[in-house]
Amino acid sequence: MDDISRSTYKILVKWGVPESLATFVNLFALLTVLIIAVYLLHNVLRRLLRIALIRIVKTTRIDFFLHLLENRFAHFIALLAAVSLIRNTLEAIFHSFPTITKVLIKLTDAYLVILIIWVIMTLIKSGAESLRKRATFRSKPIESYLQVIRIIFYLIATVIIFSILTGQNPTVAFTAMGAASAVLLLMFKDTIMGFVASIQVSTNDTVRIGDWITMPKYGADGDVMEINLTTVKVQNFDKTITTIPTYSLVSDSFQNWRGMSESGGRRIKRAIFIRQSTIRFITPDELDEFRKIQSLTAYIDHRQKDINKNNERIGADKTLLINGRNLTNAGLYRKYIDNYISNHSGIHKKMTMMVRQLAPTTTGLPIEIYAFTGTTKWIDYEYIMADIFDHLLASARFFDLEIYEMEMLPQEKI
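Under numbering that gives the first Met the number 0, the first residue of the sequence shown carries the number 0, and numbering increases by one thereafter.
Hints listed in this document are in silico derivations from the structure and should not be mistaken for laboratory results. We put the beta carbon where it would ideally sit given N, CA and C, even for glycine. You may find that some hints are simply not true.
Claimed, not checked - Have a look at the derived ranges for each label pair, beta carbon to beta carbon:
hint : residue 1 : residue 2 : range
1    : T174      : T230      : 26 to 36 Å
2    : V102      : I151      : 26 to 36 Å
3    : K268      : T59       : 50 to 60 Å
4    : P283      : R355      : 23 to 33 Å
5    : D284      : T351      : 36 to 46 Å
6    : D287      : Q356      : 19 to 29 Å
7    : I55       : S83       : 18 to 28 Å
8    : I119      : T174      : 22 to 32 Å
9    : S341      : Q303      : 17 to 27 Å
10   : H74       : I151      : 23 to 33 Å
11   : Q303      : K216      : 46 to 56 Å
12   : K268      : F152      : 45 to 55 Å
13   : M224      : G166      : 44 to 54 Å
As the list claims (entries may be wrong) - In the DSBU-like style, the derived pairs of lysine-lysine whose C-alpha atoms are separated by at most 30 Å in a straight line are:
hint : residue 1 : residue 2
14   : K188      : K124
15   : K232      : K188
16   : K124      : K105
17   : K291      : K317
18   : K124      : K57
19   : K124      : K232
20   : K334      : K376
Whole structure, please, built from the sequences with the hints as guidance.
The following block contains the structure:
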């Protein structure tokens with residue numbers, strides 16, 4: 000290149016260009032040629048690489064190459080080649096300006112380092128994006144590890160660029176960083192804590208991307224969208240986004256609904272409050288009427304035999320119902336509920352299922368239904384639960400029971 004520069008300089012002088020101007024004209028001419036060469040090299044190489052990647056994608060169907068194409072890998076490689084050409088021609092073009100040459104070489108070398116980092120990060124990013132599509136890695140916090148790799152490469156690039164621009168050995172920069180380790184630890188406190196937390200979360204499998212978590216402290220109630228070094232993004236069910244510090248997944252408590260989703264059943268735990276003043280014994284004459292309720296016929300016959308046997312044993316005077324044992328309308332209603340949910344198509348038959356009476360309250364006697372639906376889908380779950388309670392609330396009057404409702408206080412006359 001030096002020979003070319005000298006040759007063009009001599010030609011210019013031979014053509015009658017004054018020596019005082021020949022240097023600048025020569026510089027301008029060489030720069031023009033370089034710009035054209037760089038432009039052609041960049042565009043031609045970029046297009047060739049794009050064509051090559053497109054053919055590889057069509058042939059292999061490998062996601063990695065598709066992501067390379069989307070992340071402008073061809074552009075960065077072509078740009079790296081173009082800047083390398085500039086770097087190799089700087090000394091020849093600016094040989095008459097040694098001071099400027101040194102500055103330009105340093106700046107170009109620094110830019111080359113940045114481009115190399117971009118190329119490496121494009122490869123890593125494309126690899127990470129292809130891994131996310133695999134079922135094995137879909138729920139893993141890949142973004143956290145990707146950010147750590149980015150930080151490491153950026154730190155290395157910073158040290159190398161510092162060394163290039165100052166002309167000092169890279170060990171000087173590392174020594175300075177060691178001396179400032181306390182400040183660096185303070186600066187990267189959240190990053191370090193987040194990295195440790197993401198490793199613990201991944202190792203213990205406490206949270207995955209896609210999990211439904213509830214964290215009242217941060218107002219989070221929705222699906223985990225992203226886990227990175229510093230924050231966890233949760234899309235709430237009202238479509239708002241809540242960001243949670245990553246380390247809080249280790250330091251604070253939260254509720255993960257993944258177990259419910261994987262079990263195939265979602266819990267129903269709701270009570271019907273019976274007005275206690277409507278609970279009474281069932282008379283012998285009423286038993287025939289209750290036997291017409293098909294789900295209770297066998298139960299009433301079995302229970303009544305047991306009750307009669309007990310009453311005969313103790314010699315109970317049944318002229319008064321309170322003597323001995325009796326069936327109650329609340330007890331029959333509770334058994335009716337038990338039979339109803341046991342035979343309901345929306346209830347999971349292999350999970351806990353019971354109807355229990357809780358302690359009386361000022362708002363009535365709670366009859367609680369504890370069961371699991373056969374689906375975890377929210378809409379289906381709500382429909383099944385509403386369908387069950389619609390029927391049970393409407394059935395209470397057949398047992399001469401009243402559902403407790405708070406009475407409105409009479410308005411004071413003015």
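Evaluated hints:
1. Range check, T174 to T230: about 33 Å between beta-carbon atoms, so the 26 to 36 Å window is met.
2. For the hinted restraint 26 to 36 Å between V102 and I151, the CB-CB distance of approximately 29 Å keeps it satisfied.
3. Between K268 and T59 the Cβ separation comes to about 52 Å, which falls inside the hinted range of 50 to 60 Å.
4. P283 and R355 have their C-beta atoms about 28 Å apart, which keeps the hinted 23 to 33 Å range intact.
5. Between D284 and T351 the C-beta distance comes to about 38 Å, which sits within the given range of 36 to 46 Å.
6. Checked against the hint of 19 to 29 Å, the pair D287 and Q356 passes, with Cβ atoms roughly 26 Å apart.
7. Checked against the given bound of 18 to 28 Å, the beta carbons of I55 and S83, roughly 24 Å apart, stay inside it.
8. Range check, I119 to T174: Cβ separation about 25 Å, and the 22 to 32 Å hint holds.
9. Between S341 and Q303 the beta carbons are some 21 Å apart, a value that agrees with the proposed interval 17 to 27 Å.
10. Under the hint 23 to 33 Å, the C-beta atoms of H74 and I151, about 24 Å apart, fit the expected range.
11. The hint said 46 to 56 Å for the Cβ distance between Q303 and K216, and at roughly 55 Å that hint holds.
12. Between K268 and F152 the beta carbons are some 51 Å apart, a value that agrees with the proposed interval 45 to 55 Å.
13. Between M224 and G166 the Cβ separation comes to about 46 Å, which falls inside the hinted range of 44 to 54 Å.
14. About 24 Å separates the Cα atoms of K188 and K124, which keeps this hinted pair within 30 Å; it holds.
15. Distance check on the hinted pair: K232 and K188 sit about 19 Å apart at the alpha-carbon level, within 30 Å; holds.
16. Restraint check for K124 and K105: satisfied, since their Cα atoms lie roughly 28 Å apart, inside the 30 Å limit.
17. Simply put, K291 and K317 have alpha-carbon atoms about 24 Å apart, close enough for the 30 Å limit, and the pair holds.
18. As the CA atoms of K124 and K57 are separated by approximately 21 Å, the hinted pair is consistent with the 30 Å bound.
19. Between K124 and K232, the direct Cα distance comes to roughly 20 Å. Compliance with the 30 Å bound is thereby established for this hinted pair.
20. Note on K334 and K376: the hinted pairing holds, with a Cα-Cα distance of about 28 Å set against a maximum of 30 Å.
Checked against the numbered hints given earlier, this structure breaks none of them.
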